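> Line by line, the protein sequences are chains A and B. In my numbering, each residue's number is its place in the first sequence (first place is 1) plus 77. In my numbering, each residue's number is its place in the second sequence (first place is 1) plus 77.
By construction, these hints were calculated from the structure, which means they are not laboratory data. Keep in mind the model is a prediction, meaning the values are calculated, not measured. Hints are not guaranteed to be accurate.
A pair holds if it fits inside one copy or across any two, identical chains being indistinguishable in the list.
Below, a list of computed lysine to any residue pairs in the SDA-like style, where the Cα atoms sit at most 25 Å apart [unchecked claim]:
1) Lys300 / Gly287
2) Lys317 / Leu338
3) Lys178 / Arg279
4) Lys178 / Pro277
Here is how the chains run, residue by residue.
Number of protein chains: 2
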Amino acid sequence: MSEQLAFIGLGIMGGPMAGHLLASGHSLVVHTRTKARAEELLRRGARWAASPSEAAREAQVVFTCLPDTPDVEKVVVGNDGVIAAARPGLVVVDHSTISPKATRRMDQELSAKGARLIDAPVSGGDTGAKNATLSIMVGGDQAAFDRVRPLLAHTGKTITYCGSSGSGQLTKLVNQVLVSVTNLAVCEALAFAQASGLDPQRTLAAVSGGAAGSWQLSNLGPKMIAGDFRPGFMIRLQQKDLRLALDAAREAGLDLAALNLVHRLFDEAIREGRASEGTQALFPVVKLTSATARPQG
Amino acid sequence: MSEQLAFIGLGIMGGPMAGHLLASGHSLVVHTRTKARAEELLRRGARWAASPSEAAREAQVVFTCLPDTPDVEKVVVGNDGVIAAARPGLVVVDHSTISPKATRRMDQELSAKGARLIDAPVSGGDTGAKNATLSIMVGGDQAAFDRVRPLLAHTGKTITYCGSSGSGQLTKLVNQVLVSVTNLAVCEALAFAQASGLDPQRTLAAVSGGAAGSWQLSNLGPKMIAGDFRPGFMIRLQQKDLRLALDAAREAGLDLAALNLVHRLFDEAIREGRASEGTQALFPVVKLTSATARPQG
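Make a model of the complete structure from these sequences and hints.
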């Protein structure tokens, strides 16, 4: 069944995702801050909307994929935002990673007009977006989720319903805690291996298959050793997510020591000009900050 | 080819390993602190030695699998130790996890008599020992390693030569840094999930398959959620290895912040009476130590 869809935010993630929806035979209206980013989609048959509210007026489901909480708030509940066109049955699917608290607030505002916001942050990076193999973590009204689930299948391979509004965002933040602290484990272990004179490649081979194994070790370890800091996932984006995670954890009554540590180390990485490098560029930062003034022994 | 072998230290790991060597048709002499532990092997045809030197006198290759550095030093270079029977061609294979520095020292002492010490710490736990599927990380003289490699194949599935004397121990410690800091990542992430009201099982399912995935998450995560703290690997043994890792890292000029953190948390776990629980019992400790006085929000 062809649907009237809108997609707002055509960045590295949103662009390919919108493309998959269009390719699946749906009618698509798009809006993004930099119109040039929409050109390919417009050539392929998408229509342009001058504002989020205009996009929402023409659509049954509105997708958003934006950098941070204020961007989503502006687009969804701001002046000339989606909310201006909110009506019973409209569903907003937010693929951004943003504050769970702000998510719940926006869902409530939309609910007052009979519309709903589904939080649906993704993991899998630009490769996952291009290949439609993203993991999508969904929170919000179950009926609204059931309504849009077939659409999510065009971009996601694993779609998990996590619970009420904000649960998708919280699950994504749990994911980022795992990703970043496991990355730190890899950095410290390889720094130790190198400083001890071990062959890092041989060490990786020896430990990757057992209880020490992780996606981070297998995928980022070789890049760290090779000094390849090209971004899979950029440090500044990771750091934005860790800020959200620290805030959400504190709201839940937890001050997480390892998460705080990795957040401080990413701050240091950004000070060193590594904001646009991949998260594996935490490795040189760990080596530097761990070095004792005077090696003993 | 049947060989004359000795095995010293018949604990949870050493017992099954010695059994595999015996079952492979080799002639085995055994020694251990508590003779009762040797009974099954003696019934199966192993002979008893009254001391490490006596065991070494009757063997071409001596295996040791002991709790800590002082135990290995006593057995290998102590009074009535293996060194009393050291002669050209004798190879000692140490399966214990101990200090890399002490390992190099003992290898040097044995070398003076024409014998060698190969460090060959294992990972894979008691299950790996029982099923002969251990990972063995080997350091030491390459010729001595080549000499004993076919014997290691009776207990190990993955055998990696890591470099000169001590390199096997260092690689094992790198492994333990990964294992323990990744475990901490899992603890903080699941503590955050629970405190935020997420369904922990659903959260696990959503995040295990991607960039957040690890052996620790898939294997210890479900136990943490279930409150099952029965030991796979005991906290007090992990903590002994982390002490070795911290020392070795400092000798290499590194003070590793996350490793220090997890070491402090295991200390706290031991103070709480959890020394003989599995490493997944770090979870309640992380929940307790992370709790802020007054939840915000």
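> All the hints need checking, so say for each whether the structure fits it.
Do the hints match the structure? See the list:
1. Lys300 / Gly287: Classified as both; 20 Å inside a copy, 18 Å across copies.
2. Lys317 / Leu338: both (15 Å within a copy, 24 Å between copies)
3. Lys178 / Arg279: between (46 Å within a copy, 20 Å between copies)
4. Lys178 / Pro277: Only across copies: Lys178 and Pro277 sit 19 Å apart there, 43 Å inside one copy, limit 25 Å.
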